[in-house]
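*Asks:* Residues per chain, in single letters:
Number of protein chains: 2
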Amino acid sequence: MSGQAPHPALMIPGPIEFDDAVLQAMSHYSESHVGAPFVATFGETLSLLRKLFQTTNPASQPFVISGSGTLGWDQVAANLTEPGEEALVLHTGYFGDSFADCFETYSVRATQLKAPIGDRPQLPEIEAALSEKKYAVVTVTHVDTSTGVLSELPDLARMVRRVSPDTLIVVDGVCSVGCEEIAFDEWDLDVVLTASQKAVGVPAGLSILMASGRAMEKFKARKTPPTSYFASWKNWLPIMQNYEAKKPSYFATPSPQLIHALHTSLAQILARPLATRFAEHKAASRKIKDAVQALGLRQLAEKPENQANGMTAIYLPDGLTPPEVLPNLLKKGVIFAGGLHKEIATKYVRFGHMGVSVTDPARNDVDKAVAALREALGEVGYKAP
Amino acid sequence: MSGQAPHPALMIPGPIEFDDAVLQAMSHYSESHVGAPFVATFGETLSLLRKLFQTTNPASQPFVISGSGTLGWDQVAANLTEPGEEALVLHTGYFGDSFADCFETYSVRATQLKAPIGDRPQLPEIEAALSEKKYAVVTVTHVDTSTGVLSELPDLARMVRRVSPDTLIVVDGVCSVGCEEIAFDEWDLDVVLTASQKAVGVPAGLSILMASGRAMEKFKARKTPPTSYFASWKNWLPIMQNYEAKKPSYFATPSPQLIHALHTSLAQILARPLATRFAEHKAASRKIKDAVQALGLRQLAEKPENQANGMTAIYLPDGLTPPEVLPNLLKKGVIFAGGLHKEIATKYVRFGHMGVSVTDPARNDVDKAVAALREALGEVGYKAP
Numbered sequence: 001m002s003g004q005a006p007h008p009a010l011m012i013p014g015p016i017e018f019d020d021a022v023l024q025a026m027s028h029y030s031e032s033h034v035g036a037p038f039v040a041t042f043g044e045t046l047s048l049l050r051k052l053f054q055t056t057n058p059a060s061q062p063f064v065i066s067g068s069g070t071l072g073w074d075q076v077a078a079n080l081t082e083p084g085e086e087a088l089v090l091h092t093g094y095f096g097d098s099f100a101d102c103f104e105t106y107s108v109r110a111t112q113l114k115a116p117i118g119d120r121p122q123l124p125e126i127e128a129a130l131s132e133k134k135y136a137v138v139t140v141t142h143v144d145t146s147t148g149v150l151s152e153l154p155d156l157a158r159m160v161r162r163v164s165p166d167t168l169i170v171v172d173g174v175c176s177v178g179c180e181e182i183a184f185d186e187w188d189l190d191v192v193l194t195a196s197q198k199a200v201g202v203p204a205g206l207s208i209l210m211a212s213g214r215a216m217e218k219f220k221a222r223k224t225p226p227t228s229y230f231a232s233w234k235n236w237l238p239i240m241q242n243y244e245a246k247k248p249s250y251f252a253t254p255s256p257q258l259i260h261a262l263h264t265s266l267a268q269i270l271a272r273p274l275a276t277r278f279a280e281h282k283a284a285s286r287k288i289k290d291a292v293q294a295l296g297l298r299q300l301a302e303k304p305e306n307q308a309n310g311m312t313a314i315y316l317p318d319g320l321t322p323p324e325v326l327p328n329l330l331k332k333g334v335i336f337a338g339g340l341h342k343e344i345a346t347k348y349v350r351f352g353h354m355g356v357s358v359t360d361p362a363r364n365d366v367d368k369a370v371a372a373l374r375e376a377l378g379e380v381g382y383k384a385p
Numbered sequence: 001m002s003g004q005a006p007h008p009a010l011m012i013p014g015p016i017e018f019d020d021a022v023l024q025a026m027s028h029y030s031e032s033h034v035g036a037p038f039v040a041t042f043g044e045t046l047s048l049l050r051k052l053f054q055t056t057n058p059a060s061q062p063f064v065i066s067g068s069g070t071l072g073w074d075q076v077a078a079n080l081t082e083p084g085e086e087a088l089v090l091h092t093g094y095f096g097d098s099f100a101d102c103f104e105t106y107s108v109r110a111t112q113l114k115a116p117i118g119d120r121p122q123l124p125e126i127e128a129a130l131s132e133k134k135y136a137v138v139t140v141t142h143v144d145t146s147t148g149v150l151s152e153l154p155d156l157a158r159m160v161r162r163v164s165p166d167t168l169i170v171v172d173g174v175c176s177v178g179c180e181e182i183a184f185d186e187w188d189l190d191v192v193l194t195a196s197q198k199a200v201g202v203p204a205g206l207s208i209l210m211a212s213g214r215a216m217e218k219f220k221a222r223k224t225p226p227t228s229y230f231a232s233w234k235n236w237l238p239i240m241q242n243y244e245a246k247k248p249s250y251f252a253t254p255s256p257q258l259i260h261a262l263h264t265s266l267a268q269i270l271a272r273p274l275a276t277r278f279a280e281h282k283a284a285s286r287k288i289k290d291a292v293q294a295l296g297l298r299q300l301a302e303k304p305e306n307q308a309n310g311m312t313a314i315y316l317p318d319g320l321t322p323p324e325v326l327p328n329l330l331k332k333g334v335i336f337a338g339g340l341h342k343e344i345a346t347k348y349v350r351f352g353h354m355g356v357s358v359t360d361p362a363r364n365d366v367d368k369a370v371a372a373l374r375e376a377l378g379e380v381g382y383k384a385p
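The listed protein sequences derive, respectively, from chains A and B. Our numbering puts the first residue of the first sequence at 1, with every later residue one more than the last. Our numbering puts the first residue of the second sequence at 1, with every later residue one more than the last.
A short, non-exhaustive set of chain A residues, derived as facing chain B with CB atoms under 8 Å:
1) F18
2) S32
3) W73
With a cut-off of at most 27 Å between alpha-carbon atoms, the simulated DSSO-like pairs for lysine-lysine come out as follows:
4) K247/B <-> K347/A
5) K247/A <-> K347/B
6) K383/B <-> K347/B
7) K223/B <-> K234/B
8) K331/B <-> K246/A
9) K246/B <-> K347/A
10) K234/B <-> K342/A
11) K218/B <-> K247/B
12) K234/A <-> K342/B
13) K342/B <-> K220/A
14) K342/A <-> K247/B
15) K332/B <-> K287/B
16) K247/B <-> K331/A
17) K332/B <-> K247/A
18) K246/B <-> K234/B
19) K51/A <-> K246/A
20) K342/A <-> K220/B
21) K332/B <-> K368/B
22) K134/B <-> K223/B
23) K332/B <-> K246/A
24) K234/A <-> K247/A
25) K223/A <-> K134/A
26) K134/A <-> K218/A
27) K342/B <-> K246/A
28) K246/B <-> K332/A
29) K347/A <-> K114/A
30) K246/B <-> K342/A
31) K220/A <-> K134/A
32) K331/B <-> K368/B
33) K114/B <-> K234/A
34) K289/A <-> K383/A
35) K247/A <-> K342/B
36) K234/B <-> K114/A
37) K331/B <-> K247/A
38) K332/A <-> K247/B
39) K133/B <-> K218/B
40) K218/B <-> K134/B
Think of the hints as simulated: they come from the structure by calculation, not from any bench. We put the CB at the ideal spot given by N, CA and C, even for glycine.
Please put together the full structure from these sequences, using the hints given.
*Replies:* Following this line, the structure appears as structure tokens:
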């Protein structure tokens, strides 16, 4: 049972449904951003993030800054690359284009390696690209929210480290952190960036990022200053280090309420083994993907190894568009998202299955959403094969 | 009566105490950022901001972006100045230095006009500076949170327009919007930027900005692209225009909960005449400054015309430092802030009096804070003259 006002189940790939205790933390009474109680909460939150990312290396550095997930791209482009350097952007949908735009804004040349819709760039072509020239960073969207394509990280990271040891491996984990396995140390990643409103389970408004010791060394060895002010680690690094050491510190005012909500959600997530959480997301995803197949529908990500576990991007039956289906779903109390990949936006819908909708046995969100999809399609005349 | 858990009264110059209904809005159930209900709320919020800033000119453009108030500086430097241009920064404390740093980050040369601590640059010297070279922008901190110094805007704006008609007038209103009179159109301002957690009465996490038609023309006439990605109006302008027209639109995910809280607070503020609100802040400030004087204490801002109405920066009696006074205040249920101006940080405290602590007759925050200050000083042996 939820203490929230009655509302449709938000089954989009973020924002997701939030736990009552997390929403309650959003109403925390006002605190000083430099007072001992809030400094302790923020400090603990940063330490909890190390556990979420499975990093025990003290050189790893977490950042939590007010902003959207997009701010994570600025953090990378402004702090880890210098004007004139090169970035290799692995493209699995909308978010590759945007990350490339972000690099170009900071005078970093972005080369995109594009896969066909629903697929991801393959290791041999990535290796060939890395061998051609020196890239400061390679970026990969772990789960592309526009296509539901899951990238494979461990083999990719191993190959990059072998072929181009100095290239930083940057993971856009906005739609994966908290629902897909990420072993930051073991996989030898350099940056994983995310946002609060997806599988981390907290309302939007926080850019969350983990940087490796290697990334921080590259940052400290910059020849030119960071090219953003608000996203500058020169400004934020001492603040994050001080908060984690429980010392007050000021650059720009953080959001105590959002930090309390993040603290609450991380404590809930980490109260159980992460492996259990990931297995639950896999099981829910399997069930949904089986139901989609039984309905005779195709996913954008056709190959099973390309399929994300926290969302499913589903082609509508021929001739149907999201505006013909989504309002019917809403009448049944379920919200899906329309398409986002510009070439095919009118042909598919996106179904998010992350966080409490998957892990809270008291909720019935996933089954309700699957049933609603089946009924909504039936009502517009679609017959499953 | 407040529905919040018992807690000390937060009487610092931001974050401030929040109204129950605003905190309740922070717990709003999860909504899609592109769904009709939230789009309507965001759109109305943008329209309400026009009223708060007293602008009816349709060319004025509001922006609300997830971030700290500091992000407003990046918005100005990245969108309204181009590399190589010049900014004149009127300095009344800590925040002038920081804004100048921000400009330099974006390759804009910042010239600071510094006043002695507690004072503000005077019109004749500002006029002389503006006559010397061409400045793209002149920035003024309306109330400097580090010193409690209030700048005078109407005469300044008139003089700038006369001496250097193309120079954009940028007001840092982080500590003034919502408690000091700002007539955006009438005073012919170009940018007023603020944050949510001060007199706007909403938890931290939103950068709020109003730009004039003149500023938007300058932006549109840029020869080079904006030099930030997350703060780029190229990315945000269509989003803000669409939301205000109640059309869904996506660049980066906004925070529905913070926007609901902002909507709630603006509706409360605008339910009464703004003049009443400003008068109440003036009256509370007068009472506090009289009490400070009766205690035999000096303000950083000695001249009455330099004194902010939403905060008071108070020199401690000789030999006393904030760590000797603030814990005593906390025991009495009141939180003040220590000094922030680096040259004299150990010699003064800051007392914020904005928002519901001033306007809600059911609260007793101001009187309680004044009494606590008097008692706390008495307990460490200080005798008022």
